[in-house]
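What follows is the residue order along each chain.
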Amino acid sequence: MCIAPPSRTKILCSGCFRTDANNLLFSFRAFSVKRILLMAYWRLCTYVFAISLYISDDKMFPMDRQVSDRNILDQFCEEFCEIVEKYCKYIIVSGFLVIASGRTRGTEDIDMIIERIPLDTFVKLCKELDDKGFECMQSPQAENTYEYLLDNTSIRFTRKGEHLPEMEMKFAKDELDLFQLGQRVKLELTGLNVWFGSIAMNIAFKEEYLKSIKDLEDAKYLRLVYKEMVDEDEIKAIKKMIKKIRL
Amino acid sequence: MRASHQDQIERWAEFVRNNPATWKKIHTPFINAIFAKHKEFLERLRKTPHGEEKIKEMFGLQ
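Residue numbers (my numbering), protein chains in the order written: chain A, 39 to 285; chain B, 7 to 68.
Simulated from the structure, these hints should not be mistaken for laboratory data.
Please note that a few of the clues may not be correct.
Claimed, not checked - BS3-like, lysine-lysine: derived pairs with alpha carbons at most 27 Å apart:
#1 B:K43 x A:K170
#2 A:K281 x A:K249
#3 B:K62 x A:K170
#4 A:K282 x A:K208
#5 B:K60 x A:K162
#6 B:K31 x A:K265
#7 A:K165 x B:K62
#8 B:K53 x A:K198
#9 A:K208 x A:K252
Claimed, not checked - With the Cβ distance kept under 10 Å, some of the chain B side facing chain A (calculated, not the full set):
#10 K30
#11 I32
#12 N38
#13 K45
Computed from a predicted model, the values in this text were never measured in an experiment.
Backbone N, C-alpha and C define an ideal beta-carbon position, used for all residues, glycine too.
With the hints as constraints, model all of the structure from the sequences given.
In structure tokens form, the structure reads like this:
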């Protein structure tokens, strides 16, 4: 009787041991080697997926963003300007500059001023524009459209078979245009590799020469967005030039 | 200029200044939508009587 408790303890203990051993044995049988391998494989897949997400977040999303950030006008303008730049100095002015700087309004055309170039250079420019999918609305003959430019009339280019958008191109017609070409800038905020007329020049033209409600709103917008680039003395000086030469 | 519209221009200009990396995300679909709507409209107009003529006249193609 007096050894009962120890023996019971022993039995209990051994019972416990046997129970654990049985459980382990059961567990081992239940989760066969095949299942364990499957679980390990699944875990590995999860890690690989998580790592690929991490990498894509770092490297692929910015690339995706760059592509999707180009709107129809941006793409059209950059492709066109890339060709024109090979043949002459140019600037993009007015509406598209404001839209490329973020203003939420529409436009049908992009205004481009180019330096005067000889006919043979213009023919080569038109040939490359044609090869790259652009067509002139007035005439497919470069010799004809060159006459328009000499008459200070703008010519319009679109992508072949499309009505919009248009690139409206004209020659620099006076010292004011030549001055604009000399002051041309690339604007980081636009994210475009395109030459623009200066901010001061665009504000002055819109406030002093064009003056429609849309142009005055554009000028106000440019003043706000490019606050640190706005030089009132420069704008005043350009306005004086406009009065003297254009008005 | 309408006062409310002035405010909108100012607010948006501030947003563009303060968010140089993100404003295009909002701006791009807006600009693209203008061209998409234009294209859709031309397709509808083309299917109407004299639609093709009207389009040619609109773009000075006659």
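Numbered hints the structure breaks, given as an ascending list: 5
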